[in-house]
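Visitor: Here is what each chain is made of, one letter per residue.
Number of protein chains: 2
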Amino acid sequence: MAICRELAGEKWVLMTTAQTPTNIAVIKYWGKRDEALILPVNDSISVTLDPSHLCTITTVAVSPDFEKDRMWLNRKEISLSGARYQNCLREIRSRANDVEDEEKKIKIAKKDWEKLHVYIDSYNNFPTAAGLASSAAGFACLVFALANLMNVKEDHSQLSAIARQGSGSACRSLYGGFVKWNMGKEKDGSDSLAIQLADEKHWDDLVIIIAVVSSRQKETSSTSGMRETVETSLLLQHRAKEIVPKRVLAMEEAIKNRDFASFAQLTCNDSNQFHAVCLDTSPPIFYMNDTSHRIISLVEKWNRSEGEPQVAYTFDAGPNSVLIARNRKAAVSLLQRLLFYFPPNAETVLDSYVLGDKSILQDAGIKSVEDIESLPQPPEINSSSQKYQGDVSYFICTKPGKGPVVLPESESLLDPKTGLPKNL
Amino acid sequence: MAICRELAGEKWVLMTTAQTPTNIAVIKYWGKRDEALILPVNDSISVTLDPSHLCTITTVAVSPDFEKDRMWLNRKEISLSGARYQNCLREIRSRANDVEDEEKKIKIAKKDWEKLHVYIDSYNNFPTAAGLASSAAGFACLVFALANLMNVKEDHSQLSAIARQGSGSACRSLYGGFVKWNMGKEKDGSDSLAIQLADEKHWDDLVIIIAVVSSRQKETSSTSGMRETVETSLLLQHRAKEIVPKRVLAMEEAIKNRDFASFAQLTCNDSNQFHAVCLDTSPPIFYMNDTSHRIISLVEKWNRSEGEPQVAYTFDAGPNSVLIARNRKAAVSLLQRLLFYFPPNAETVLDSYVLGDKSILQDAGIKSVEDIESLPQPPEINSSSQKYQGDVSYFICTKPGKGPVVLPESESLLDPKTGLPKNL
Chain A
1 MAICRELAGE KWVLMTTAQT PTNIAVIKYW GKRDEALILP VNDSISVTLD
51 PSHLCTITTV AVSPDFEKDR MWLNRKEISL SGARYQNCLR EIRSRANDVE
101 DEEKKIKIAK KDWEKLHVYI DSYNNFPTAA GLASSAAGFA CLVFALANLM
151 NVKEDHSQLS AIARQGSGSA CRSLYGGFVK WNMGKEKDGS DSLAIQLADE
201 KHWDDLVIII AVVSSRQKET SSTSGMRETV ETSLLLQHRA KEIVPKRVLA
251 MEEAIKNRDF ASFAQLTCND SNQFHAVCLD TSPPIFYMND TSHRIISLVE
301 KWNRSEGEPQ VAYTFDAGPN SVLIARNRKA AVSLLQRLLF YFPPNAETVL
351 DSYVLGDKSI LQDAGIKSVE DIESLPQPPE INSSSQKYQG DVSYFICTKP
401 GKGPVVLPES ESLLDPKTGL PKNL
Chain B
1 MAICRELAGE KWVLMTTAQT PTNIAVIKYW GKRDEALILP VNDSISVTLD
51 PSHLCTITTV AVSPDFEKDR MWLNRKEISL SGARYQNCLR EIRSRANDVE
101 DEEKKIKIAK KDWEKLHVYI DSYNNFPTAA GLASSAAGFA CLVFALANLM
151 NVKEDHSQLS AIARQGSGSA CRSLYGGFVK WNMGKEKDGS DSLAIQLADE
201 KHWDDLVIII AVVSSRQKET SSTSGMRETV ETSLLLQHRA KEIVPKRVLA
251 MEEAIKNRDF ASFAQLTCND SNQFHAVCLD TSPPIFYMND TSHRIISLVE
301 KWNRSEGEPQ VAYTFDAGPN SVLIARNRKA AVSLLQRLLF YFPPNAETVL
351 DSYVLGDKSI LQDAGIKSVE DIESLPQPPE INSSSQKYQG DVSYFICTKP
401 GKGPVVLPES ESLLDPKTGL PKNL
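Chains as they are written, first to last, in my numbering: chain A, 1 to 424; chain B, 1 to 424.
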């Protein structure tokens, strides 16, 4: 291994730890026009979720002692040889600059970065298997942390174009609040990047409840799913070229004006249309299941009975439902309805059934599983309706949140002496 | 009540009994361009199902004693005041001709029909609630039987344009075999009618198995469903104008050449696209449920493993699956797979679980529910897979079948003396 002369023999580890949020698309990304560069067939818009409930934390470290790049994800070492990781590492390295840490007496010259290796440790504060866009937060955090470590001067938008090459939707996790991914026009993808439409304080009434739905089926990965849709759906191009451009403009306007009725209508319609083009794929792709359908029916019925939308729903490449309530009052009523229809299994304790911001549970007057059992039937239902115990694994109460941040060294996942994971 | 002078006081009942098949669309009808006349936004193509397993039988009677038009459907009297019934009755009456029954010494002049009233008794030889296109067979049978009674000279295509005004897909039940409903261009709907592409003998290898799927949900009626799709889906017009015309040509070609691979691909794709535009409706319409999805997965996996399609699937406005096997051998293998994954509930007897042509069951080597339990796992499945006991209510084995026929008087549902239902 060639280690740069100036640094050879030195004993130090330089580290950065960062936290990056997940995001949920309200105008969906589905279909690539370039598979290698991850360039989409249409613009998309997302809401960033509060990282206190859903985020990735990543520590990146560099040391002249490291003999190769290594990565740990959720406590397990994984291979970095895939093109998506290699693209991100290469793009960030090529933008590295001089770094000087006076306290630790470390000096790394711009040209040294090509020869130095990094260790990466990343973990999600939520179950990875739950299908909650962990790769979006993961690649955004990797790029953001490395950029910080290597003193990369590019702004968040330019970093988003790098994160995009790891996972398309990762580019939208470089900002908090409301984010737009411009599909761009350039062949090299340089203008396919994220911009912030509004920060999380712009519309802080919104409350988000995620229903993590139990699924017995193995789902089609979004990478292969969208490839198959591009290859076989006769509706996708019409959606991408004729429908989404207008929806994106309308959604920008709805967000700007905090117009919940329009926001909800656009969000629900676009989620349904994304799943429609999945169904129009050959063979067809089903991400929603009967539980997803029941949650949609519950929301549609309630919204109609109220005369104006209280809640928007959206579903990504899986059966989980992301529900966006217009305000806290609506969120409390929503949670009551959800718990009424989807009570936990007998052995489940309340504390592990409703996660995240539990104050919404308190406002809903629910202190125990018994309180769920005595919830009244929602007034919009005429006849006594069926319950679906156990069909939801758990709920997460959250809200729109902030973008990536650098965390203090005390939060590091890697040992500052060895650069190896602390928790191995 | 004004009864024509010549007939007043006479004591006779003149009757006709007819049998008409149901049909399943392989290129779907979804969306009207004229609600009142029932004119569709695109052509559709169907396969007529064997009336020995699925049909409507209707007796129509006329007598100078009848004081108003009356109708019984599946043993219950129903109102004829709806526009759909009124349209059919008016159109048929206006085409009535002189009728003479020498044996019974009855003479009805063309002009008398305007003043005479009819009794109608109709019943389906399959459960109405099962969602098996009972209204298609019903209106076709009503129009066909009345036309026969009233000596209407119009051919089946012209009658189909009348049946269409009762229920759109009814027009396709005027023929056996493979039928096309031309959407037509005229404002009055006169050219929106069915033609026969090929009779049932043209492609008699095909075997059809229907899985009647248990549903806990109340479904959106197809009338209101398609209205909502026309009003809100942004994908429907693209489907109707750009996609279906090409598919119709390709399907006509596939039927002409008995090209099962093309037939299956087009049938499955068009079923999925119909459900995609339902999902693109606001609020979204779900007709397929998890069981429907599992049947699709089973067929897709098996077709892929065989290298060429063995079975096509199609779903109408409900969760029931209509499976078209390329030949008897494929149908036997299909039935084994279906029974393996969807065994009957413990209390169910085999005889009520597989209906219709039970010889397929014999060929599959299944003589009892125990034989279902010992069916081997299909070879295309690697791991031991889950079973879904009770998720299918029953199966019907059938095949493409013939068009409407007049039945002998012995089959009449009405009493030849009183004109009232025999089975009341």
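The set of hints was computed from the structure by calculation and includes no laboratory data. Check each hint, because a few of them may be wrong.
Repeated chains share a single entry, so a pair holds when one copy, or any two copies, can fit it.
[Stated by the list, open to error] Simulated crosslink set (DSS-like; lysine-lysine; CA at most 30 Å straight-line): (1) Lys422 - Lys76; (2) Lys301 - Lys32; (3) Lys246 - Lys256; (4) Lys11 - Lys201; (5) Lys387 - Lys111; (6) Lys367 - Lys187.
Quick caveat, the model's predicted, so the values are computed rather than measured.
Visitor: Classify it for me, Lys246 with Lys256: is the Cα-Cα distance of at most 30 Å met within a copy, between copies, both or neither?
Guide: Intra 16 Å, inter 43 Å, cutoff 30 Å: intra-copy only.
Visitor: Please sort Lys367 with Lys187 into within, between, both or neither, judging by C-alpha distance up to 30 Å.
Guide: Intra 56 Å, inter 64 Å, cutoff 30 Å: neither.
Visitor: Treating 30 Å as the Cα threshold, decide for Lys301 and Lys32: within, between, both or neither.
Guide: So Lys301 and Lys32 pass the 30 Å test across copies only (26 Å; inside, 35 Å).
Visitor: When no copy is named, should Lys422 and Lys76 be tagged within, between, both, or neither for a Cα gap of at most 30 Å?
Guide: within (12 Å within a copy, 76 Å between copies)
Visitor: Is it within a copy, between copies, both, or neither that the alpha carbon of Lys11 lies no farther than 30 Å from that of Lys201?
Guide: For Lys11 and Lys201, neither the intra-copy (44 Å) nor the inter-copy (85 Å) Cα distance is at most 30 Å.
Visitor: Please sort Lys387 with Lys111 into within, between, both or neither, judging by C-alpha distance up to 30 Å.
Guide: Neither: 63 Å inside a chain and 61 Å across chains, both beyond 30 Å.
Taken one by one, the earlier hints fail for this structure at numbers 4, 5, 6, listed in ascending order.
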